[in-house]
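Q: Residue numbers (the working numbering), protein chains in the order written: chain Y, 1 to 233; chain S, 1 to 233; chain A, 1 to 233; chain U, 1 to 233; chain C, 1 to 233; chain B, 1 to 233; chain R, 1 to 233; chain V, 1 to 233.
Among these hints, one or two may not hold up.
What the hints assert, rightly or not - With beta-carbon atoms standing in for the labels, derived distance ranges:
| # | chain 1 | residue 1 | chain 2 | residue 2 | range |
| --- | --- | --- | --- | --- | --- |
| 1 | C | GLU147 | U | ILE4 | 18 to 26 Å |
| 2 | U | ARG32 | R | ARG141 | 22 to 30 Å |
| 3 | A | ARG41 | B | ARG32 | 32 to 40 Å |
| 4 | A | ARG68 | C | GLY70 | 53 to 61 Å |
| 5 | C | ARG19 | S | SER56 | 40 to 48 Å |
Note that these hints are calculated values from the structure, not bench results. If you're wondering where the values come from, they're calculated on a predicted model, not measured in any experiment. From the three backbone atoms N, C-alpha and C, an ideal C-beta is built for every residue, glycine too.
Number of protein chains: 8
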Amino acid sequence: MREIRIGSIARLDRGRGERLGIPELVLAEGKRIDHLITIVRHLAAERHGALISRPSPGQLRRLRDEARRGLPLRFLASGRLVRLAGPLSTPRLLRAPVVLLAAGTSDVPVAEECRAVLAELGARPVVAYDVGVAGLHRLLRVLARFERLRPAAYLVFAGREGALPTVVAGLVGAPVLGIPVSVGYGRGGRGEAALNAMLQSCAPIAVVNIDAAVPAALWAARLLGRLAPAAAR
Amino acid sequence: MREIRIGSIARLDRGRGERLGIPELVLAEGKRIDHLITIVRHLAAERHGALISRPSPGQLRRLRDEARRGLPLRFLASGRLVRLAGPLSTPRLLRAPVVLLAAGTSDVPVAEECRAVLAELGARPVVAYDVGVAGLHRLLRVLARFERLRPAAYLVFAGREGALPTVVAGLVGAPVLGIPVSVGYGRGGRGEAALNAMLQSCAPIAVVNIDAAVPAALWAARLLGRLAPAAAR
Amino acid sequence: MREIRIGSIARLDRGRGERLGIPELVLAEGKRIDHLITIVRHLAAERHGALISRPSPGQLRRLRDEARRGLPLRFLASGRLVRLAGPLSTPRLLRAPVVLLAAGTSDVPVAEECRAVLAELGARPVVAYDVGVAGLHRLLRVLARFERLRPAAYLVFAGREGALPTVVAGLVGAPVLGIPVSVGYGRGGRGEAALNAMLQSCAPIAVVNIDAAVPAALWAARLLGRLAPAAAR
Amino acid sequence: MREIRIGSIARLDRGRGERLGIPELVLAEGKRIDHLITIVRHLAAERHGALISRPSPGQLRRLRDEARRGLPLRFLASGRLVRLAGPLSTPRLLRAPVVLLAAGTSDVPVAEECRAVLAELGARPVVAYDVGVAGLHRLLRVLARFERLRPAAYLVFAGREGALPTVVAGLVGAPVLGIPVSVGYGRGGRGEAALNAMLQSCAPIAVVNIDAAVPAALWAARLLGRLAPAAAR
Amino acid sequence: MREIRIGSIARLDRGRGERLGIPELVLAEGKRIDHLITIVRHLAAERHGALISRPSPGQLRRLRDEARRGLPLRFLASGRLVRLAGPLSTPRLLRAPVVLLAAGTSDVPVAEECRAVLAELGARPVVAYDVGVAGLHRLLRVLARFERLRPAAYLVFAGREGALPTVVAGLVGAPVLGIPVSVGYGRGGRGEAALNAMLQSCAPIAVVNIDAAVPAALWAARLLGRLAPAAAR
Amino acid sequence: MREIRIGSIARLDRGRGERLGIPELVLAEGKRIDHLITIVRHLAAERHGALISRPSPGQLRRLRDEARRGLPLRFLASGRLVRLAGPLSTPRLLRAPVVLLAAGTSDVPVAEECRAVLAELGARPVVAYDVGVAGLHRLLRVLARFERLRPAAYLVFAGREGALPTVVAGLVGAPVLGIPVSVGYGRGGRGEAALNAMLQSCAPIAVVNIDAAVPAALWAARLLGRLAPAAAR
Amino acid sequence: MREIRIGSIARLDRGRGERLGIPELVLAEGKRIDHLITIVRHLAAERHGALISRPSPGQLRRLRDEARRGLPLRFLASGRLVRLAGPLSTPRLLRAPVVLLAAGTSDVPVAEECRAVLAELGARPVVAYDVGVAGLHRLLRVLARFERLRPAAYLVFAGREGALPTVVAGLVGAPVLGIPVSVGYGRGGRGEAALNAMLQSCAPIAVVNIDAAVPAALWAARLLGRLAPAAAR
Amino acid sequence: MREIRIGSIARLDRGRGERLGIPELVLAEGKRIDHLITIVRHLAAERHGALISRPSPGQLRRLRDEARRGLPLRFLASGRLVRLAGPLSTPRLLRAPVVLLAAGTSDVPVAEECRAVLAELGARPVVAYDVGVAGLHRLLRVLARFERLRPAAYLVFAGREGALPTVVAGLVGAPVLGIPVSVGYGRGGRGEAALNAMLQSCAPIAVVNIDAAVPAALWAARLLGRLAPAAAR
């Protein structure tokens, strides 16, 4: 494992992808723009592929400028995720599909961010959106179709009251990961009620933080990566 | 309207039942035992019917002692509600049934407390318990049966993630009132997640406080009372 | 029931109005603008009436642009609610009036949003504003007048300490629904204290979330719709 | 000012009463029993009058033991307050009455604790209990009577939704101090909603902490003490 | 008492000032600008004096426009308070001074807002700022000077840890009212820690909400008004 | 799927195990003792195997009584889990081991509860306890050994600051599930800080609620069950 | 560094004391009694000195039993701390005194627990109790005396509003560590307000968790240990 | 000690630096711009050195204007700290280094603000950034190097889950001060989880508030100042 120093502000580990089953990920949110650009340029110079997540509008503008000046960046999921070209060095993944479900249209951007990460890592995401519990028949139709694919996991995105992962986990046999989405106003809004509801679920579901699309994807990828050899060899 | 003074500690309004559509209700919880007994004895002496809710174990013991000594008390819903004999003076209620649903067995005592109040007031409660969203098919069967009765309202009891009222409100046409139940451990436990989930529901549901079985029943009774004449005349 | 797919982002149910007693409602808040416009255009193409609630300023500008280009949109309650022309397919409502009370002038916009929904659905909202508990005599005069109309319900809007629904529920015989309004600064501000006060009310009131004008209206409409036939037949 | 050392655990200031307008007060809650008894015995040996507040059941038992063995203790407000005989050395108070109002019977013990302190200090407390906002006419009758006494202040005790101080402050011209009481269950219970509602009041009221009967009394006494000379001289 | 209707959005009570000891106050914050201007114009037309508090920057701009067009408005406390000319109709106040203390320079704007209200109502506010507990000797000098004036009350403004009211209440004999100020970052910031610290004070202090400069002033005025006749007659 | 009714209080689904990959589980906590015993007896009569989790001390005593009277109950994990004999009907699980790590000795009971469930379901749990981050070298030794087993997942139990899952997820390639444990006093105690820290983790970890040993085990079992056929066929 | 395994439930590091400057510490709270006794017996068998903190009443009884049976245990600070005889292996400490101040008598037990740890480690704690800010002159006298000793640090214990550390840090030149104490009722009680106030302090103070007497002592010991050689060589 | 009055808004103490071991510090955040500029100009006129912390963007613009007009201001740490030229009058500091560690790049700005204060005061800060626990080997290398310098203290900056101070405190013998950084989204974001995790740490660490870079630096300086003479004389 080789450490790459980027001035005094960052240290990157070559070889982390293979070892840990996750790619180089730069969480843009909270970083000063000059720090972010320094890191991305440095990675590009090293021909080190990476994912850049949650850029602010200001950061995104600067990244698009850099792209116009030649940095090999692709903008995915309407700009919520940025892909720096180059190998991500992650292991081969189990080819079983991973299902992404979103309760409402407002949850779609977060789900799309997750789908983009999974696709970049070589997984097989399949999606169905606007299948919330207020229209149960839509959901039942969708799940009947998906269960036939025997997916490795369900990643279920929901804001507001966050009931969808619980209902799904009562209908399918695969592990369910709930991703609360920062939708909703008033008490329990911005994903708070959804997160708590998922933690309290009467069905066995695991949870990540509100809007944590990228951790959810990496977690699923790690699952697929760990299990791939057992299936493949 | 005539005010009845009970020492310096309480004042009761004769005639409140007809005017407001709700009976005399004594919330036992939080009262000193001697204060509670004084009030109940006074009401009995006045031949004033009443409901006594949420007695603590200590209060309940004392009330049972009083009953043995002749106070006309009946103990309902396993002692969560006590009925002092005498007229409650509430108006006649619409005869449409009110459905009570409980998500799990742990929610049953709170639902039974609500049912007892409704029955005392002359309403027509019908119930189905353990119909939570983790076993959706049980719920669908039950709702299909109940909707044929064209109930005036659904009172839906749920702890944990509190998803049941939302799912019900997406399947029936009657107004739904959610009653969060103080079940569940960890973050969002004791009904907190359920309450927030109901407030965030993507379906139009109204809510009362955690374990508020009696306010839910009184609210429903007031609804039935207000609408009864419109139907009857 | 026929499902209408709108690209991959939304699924609409034809026939939901009659079945559930509520119209097609698009919660604009939280949706990406392009998603919102896609949905509204699609509904318009299908001649499907709808209500669009809580548009952000940016969304509202775009909707006004669309209206200028010919989309049949009406802007109600100072733009807090948008009506897409077309049948809402909701059932006939009981003709009893529904009273809307607002504690202060700051609560008026939320109450007006609720009134607009009720009016679109064919209910009979009647209103009185600035009747908060700090000036009790104003309130007593107003209630005396309204009770003579024998309204089906009172929808009571209040921010700050949220005392109005409690006081109203102690003076009238109809069911009271409290709608906390995000008014007030400091601890308990933005409707938080009002919501909790309504949940703690010593009178039987039901509650919706902070600023939840539209759910309150839909809930009341469902009530009127369910009870209408009982009265009409 | 002379400091009295009680072992290493406490230091008392002689002369504090006159200077600050408040008596020696020992908050029993939270103290080890042996520490509490040491302090009380020491004060008794010094012939120093004092008030002992909020004793736990265990502390109260020990204090009653001490009383039986001769310590000059009186037990007030059903044991919520204990008076150690001896001068309290507080200044003379304005003779205007102070009104204490309690919303419900459950609030009475806290109000009685406050009344006992005021009486010990030589103030003129007058009380009316069970005058909550759910029965407004009782309250209006009571206030009409009290305002004629031109009281120096109203101390208003309320749990649950805590609306009473707000309503009172909209009806009287005297300063109102709200004392939230730890009554109520579910969200906002144990006085939390009441405290926030009082802080959010649309009328000008000042507040003390939940169940803070003694601080409320001392605060009122200080007010009366400060103003007494202006009236008397 | 005569009610003045302002369209459907507001109702004002003539005669409230004398009866309740507080002037007409319009809380601008949270009101729509057109509603605010309508109210202020109406009051001006009625020659009704008033105080307008907490205008937002946008509201303030509009009020300044109105002033340029002739509305008799004065802008006090750097625009945090606006005075509409005309009688406030409040009773005569006790002439004892009221002391305002601010812990730091950041607390000064809130204290100045309070001072402006008191001055408009005819009270005698005296002030000392930047006397926080980190520099105790400054505070001791200031208090020694003020106590000689025998003030009716101390209004103490503090953000951050909010210790100043507690320390002051341990040094003076007058009643102390704490006003937490929304200063401070991180946990407990924006006045939250200060409010809780004041509620927990080991000295008897009363509290208003965070930044509640106007309620504090009205409360003090009511106190002075109630006591004035006792002194004056 | 056949529904079994247990009086009016519970409904069980035969066939749920195979379909959903989880056994019949009775959450004892929150249930009335008579309800619990009724359910367990009914299951025993049906020869239906089950797991009973989180019995209270009172419930446990009654279950031990029932065992003495012949109900086929085994008491696991020091009584935190009770096994009713009979088939659990869950699918065959992948044979890869699942690693359980506990940060401190206080976390052991929760981890043991999880281990017992996994063992009952036929999984291969392996454990190492007291490997918290304050003694990093112990942890590194343990992980080096476990990674050679290529486990399917790590279930990591930690209270207090909850750092262990994050550190583990930075050192291994398998998916990590964090289980916060209700250990710790003061702010953030009882697992609150641990839960939030896991949700905020800079490594991709999924989380269940505080002390949710059984949901964690079921979730892992579902994972192993879903993946088993892919490996086995 | 040698690891000592205690069954499967604990692992101890020999040599940790010298390396990290802190002794073996067993946090009893939260541990099962059998686990605790196993650990303590094992340490005793290894002649390994240790401190056992925060035993529950049940644990304490068992430890006293063990002491009667010969385990070399001493019970300090009224049983809040237990010392297992044997070397603690911590480094030599700087001989400058450390001052412990407690605001009130209720804070004394926590301060005594801290003093006992410091004394066991060879530090020089000096104390003054009941020097809270409500009696400022007592505090000023005490600090004048202590500053002449040029202490290495002040450890300041306070519950309620937690103002004492802030006031102390404005009067002395040594570093101040605040320890909030779980004293106080109502909002912000049990040390919550005190902790937040210390975090918000306008003076530079560092903080530990509520009641964290032992971490405070260890932290101070580590400071003295690190600095000792600089002073001694 | 001489008090300097700055109009009515501020009072400065000459001589405070020597006495308390900390320089004149002006917390810009929360101050009105005119107040801030008045204070800074006044200090400059008095040739009084000072540090100005946390200026808002608007305040910073004005300070840069003042600098262009001749005020002797230097802008440090990318403008998070401003140095007004002139003596800070703080005591000589111990020359042992203080180590600053930051978990991620997002934490660097806060750490740099702290470093700038330490450097201005004459301390010897040494830094290593991006050494978070997700890449443990980087941290171990860095700590091995730093421990050889025998630093007086470690100041450890971390957002998100805040695990770094705990891990560091388990590896080094010097006192550790944790500074939570407002990084992270969702539940526990903006430093909340990090703060709680540090308070719950299983290793003895002291904590300051979120983003409290300057208090951390002043606290460390006070430590070094207090200990300096012991080493130097």
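Q: Any hints this thing doesn't respect? Which numbers, in order?
A: 3 and 4
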